[in-house]
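There are 2 protein chains.
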Amino acid sequence: MADIIVVEDNEEIGGLLSDFLRAEGYDTYLALSGEEALEIYEAEGAKLVLLDLLLPNLDGFGVCSKIREHHNTPIIMLSAQNGKEDKLNGLLLGADDYMEKPYDIDILLAKVKGIMKRRYFSDQIVDGTLKMDKAGRRVYEAGQEIVLTTKEFDLLLYFMENKGKVLKKEELFHKIWGVDSESEPQTLTVHIKWLREKLEKDPKNPERILTVWGVGYRYI
Amino acid sequence: MADIIVVEDNEEIGGLLSDFLRAEGYDTYLALSGEEALEIYEAEGAKLVLLDLLLPNLDGFGVCSKIREHHNTPIIMLSAQNGKEDKLNGLLLGADDYMEKPYDIDILLAKVKGIMKRRYFSDQIVDGTLKMDKAGRRVYEAGQEIVLTTKEFDLLLYFMENKGKVLKKEELFHKIWGVDSESEPQTLTVHIKWLREKLEKDPKNPERILTVWGVGYRYI
DNA sequence: CTCTGCCTTCTAAACTTAATCAACTGCTCT
DNA sequence: AGAGCAGTTGATTAAGTTTAGAAGGCAGAG
Numbered sequence: 001m002a003d004i005i006v007v008e009d010n011e012e013i014g015g016l017l018s019d020f021l022r023a024e025g026y027d028t029y030l031a032l033s034g035e036e037a038l039e040i041y042e043a044e045g046a047k048l049v050l051l052d053l054l055l056p057n058l059d060g061f062g063v064c065s066k067i068r069e070h071h072n073t074p075i076i077m078l079s080a081q082n083g084k085e086d087k088l089n090g091l092l093l094g095a096d097d098y099m100e101k102p103y104d105i106d107i108l109l110a111k112v113k114g115i116m117k118r119r120y121f122s123d124q125i126v127d128g129t130l131k132m133d134k135a136g137r138r139v140y141e142a143g144q145e146i147v148l149t150t151k152e153f154d155l156l157l158y159f160m161e162n163k164g165k166v167l168k169k170e171e172l173f174h175k176i177w178g179v180d181s182e183s184e185p186q187t188l189t190v191h192i193k194w195l196r197e198k199l200e201k202d203p204k205n206p207e208r209i210l211t212v213w214g215v216g217y218r219y220i
Numbered sequence: 001m002a003d004i005i006v007v008e009d010n011e012e013i014g015g016l017l018s019d020f021l022r023a024e025g026y027d028t029y030l031a032l033s034g035e036e037a038l039e040i041y042e043a044e045g046a047k048l049v050l051l052d053l054l055l056p057n058l059d060g061f062g063v064c065s066k067i068r069e070h071h072n073t074p075i076i077m078l079s080a081q082n083g084k085e086d087k088l089n090g091l092l093l094g095a096d097d098y099m100e101k102p103y104d105i106d107i108l109l110a111k112v113k114g115i116m117k118r119r120y121f122s123d124q125i126v127d128g129t130l131k132m133d134k135a136g137r138r139v140y141e142a143g144q145e146i147v148l149t150t151k152e153f154d155l156l157l158y159f160m161e162n163k164g165k166v167l168k169k170e171e172l173f174h175k176i177w178g179v180d181s182e183s184e185p186q187t188l189t190v191h192i193k194w195l196r197e198k199l200e201k202d203p204k205n206p207e208r209i210l211t212v213w214g215v216g217y218r219y220i
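Those protein sequences? They're chains A and B, same order as listed. Each residue of the first sequence is one higher than the one before, counting from 1 in this note's numbering. Each residue of the second sequence is one higher than the one before, counting from 1 in this note's numbering.
Be a bit skeptical, because a hint or two may be false.
Because identical chains share one entry, a pair is satisfied inside a single copy or across any pair of copies.
[As the list claims (entries may be wrong)] 25 Å max Cα-Cα, derived DSS-like pairs, lysine-lysine:
id: 1; residue 1: K151; residue 2: K168
id: 2; residue 1: K66; residue 2: K165
id: 3; residue 1: K134; residue 2: K163
id: 4; residue 1: K204; residue 2: K47
id: 5; residue 1: K134; residue 2: K101
id: 6; residue 1: K66; residue 2: K134
id: 7; residue 1: K117; residue 2: K169
id: 8; residue 1: K66; residue 2: K168
id: 9; residue 1: K66; residue 2: K131
id: 10; residue 1: K134; residue 2: K198
id: 11; residue 1: K168; residue 2: K113
id: 12; residue 1: K198; residue 2: K84
id: 13; residue 1: K151; residue 2: K131
id: 14; residue 1: K84; residue 2: K117
id: 15; residue 1: K113; residue 2: K198
id: 16; residue 1: K113; residue 2: K169
id: 17; residue 1: K165; residue 2: K134
Derived from the structure by calculation, the hints contain no laboratory data.
Modelling step: build the complete structure from the supplied sequences, incorporating the hints.
What follows is the structure, given as structure tokens:
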């Protein structure tokens, strides 16, 4: 299933929007017409639809009601026609939200993020090609899932939440193992090794999890 | 549980808004301060909160984040301050929508109606070929009914409502058996087994209810 | 009311996977 | 070059999960 289908007949605007969404870690499709949107929706499904109203032939209202016949996938309508009638129609047809063009991309992204989190618990951290799905406890590198064990996942999460910071060994150990752990601190380095093996192109020359001699590690 | 809590320190505006909502058939409470809103929410619960931002003492943002600590009740923010920052803050705090004052009452009502319908009147959960009829407590796989026991049904329902999310064993146990249950947590795994036997093609290699080692289970 | 059958629970053993340890090797910095 | 810290390895231990069987409990039928 795709994360988001962007329906926009202006290819330039649609592409730009898709790029913004991809940068936030969402897997997006661009549909250039209402018909194409429905095709993609039927074939792939989606978690969210961003729907421009003004489309050739089958317009946004049509797409919305077609989807709403059987599904309640969230839909955000986008339109340059800012009349009250249009908004009301959109909402009555079952759109979750309606944004006027020109919309503020930050606000649109915040709305998307909010819907994804509330609806699908997809609370994710993205860093370049690396994506962590906190609620699902899964990690993806360029779309490919990387299977991590519990400790590995907890470690990586803490690293990503503290990107750039140098984390002392004891600090890391206490965070992941708990302050009252009786394990040998040495254990940490073993898990760092497993993590590097899974995350780094060349585990011998790590580019993500760097060693800070005498102190600890830093995730870049 | 109340349908809607209207939080608005201007009693006149709040009263008017409540009247409109009541006319649409919603059971509404009017809270004149953030503190009162939380009191009502704690005591009564609500299906939706309409939240004015500008309140004495505890403002709308505070109320929103307090509610979001444990619940994901829909929240619509209302504000006369129409800066981008406010909107972004609101959305990031987990508000479902943000409306600028002066808002159009018809549009507000349409939004409320939409949220209520999508959120609380879906009696069916569909996921691929699997369909759950909540009220009838029946489950169908590709049209064929699968007969489940009470516990199995409750479990599957919770799984489907939290698709993709890793559910901790204790969390699941508390949800289905109640927090004060004296049963052995081990019992949970037995029911997972029965469920897999009924839902999975090959119960030994589950594709729907996956084990997340050391944490719990995930329905995909 | 009692019987019957299914649902649920419990238990213990088998099994699977992950974490740990400890000894060794290799690297870095002075 | 040496001291000390970090990395590697594989055997071992620990932890967590599944399974099967048996027993208990509850509800509906007779």
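Given a CA cutoff of 25 Å, do K134 and K198 count as a within-copy pair, a between-copy pair, both, or neither?
So K134 and K198 pass the 25 Å test inside one copy only (18 Å; across, 29 Å).
Between the shortest in-copy and the shortest cross-copy C-alpha distance, which are at most 25 Å for K66 and K131: within, between, both, or neither?
Only across copies: K66 and K131 sit 20 Å apart there, 33 Å inside one copy, limit 25 Å.
Alpha-carbon proximity context of K151 and K168, limit 25 Å
Both: 17 Å inside a chain and 15 Å across chains, each within 25 Å.
Intra- versus inter-copy proximity for K113 and K168 (alpha-carbon distance at most 25 Å)
This pair counts as between: shortest inter-copy Cα distance 24 Å, intra-copy 32 Å.
State whether the alpha carbon distance between K66 and K134 is at most 25 Å within one copy, between copies, both, or neither.
between (30 Å within a copy, 22 Å between copies)
Identical-chain pair category, K66 with K165, by Cα at 25 Å:
Within. Shortest intra-copy distance 23 Å satisfies the 25 Å Cα cut-off; inter-copy 29 Å does not.
Are the CA atoms of K117 and K169 at most 25 Å apart within a copy, between copies, both, or neither?
between (32 Å within a copy, 22 Å between copies)
One pair to classify: K204 and K47, alpha carbons no more than 25 Å apart. Within, between, both, or neither?
For K204 and K47, the Cα distance exceeds 25 Å both inside one copy (39 Å) and across copies (30 Å).
Treating 25 Å as the Cα threshold, decide for K134 and K163: within, between, both or neither.
Both: 16 Å inside a chain and 13 Å across chains, each within 25 Å.
Within, between, both or neither: K84, K117 at alpha-carbon 25 Å:
between (29 Å within a copy, 21 Å between copies)
How do K113 and K169 come out at 25 Å by Cα distance, when the copy is not named: within, between, both, or neither?
Neither, since 34 Å and 27 Å both go past 25 Å.
Is the C-alpha distance from K198 to K84 at most 25 Å within one copy, between copies, in both cases, or in neither?
neither (51 Å within a copy, 41 Å between copies)
Hints 4, 5, 12, 15, 16, counting from the list given before, are not met by this structure.
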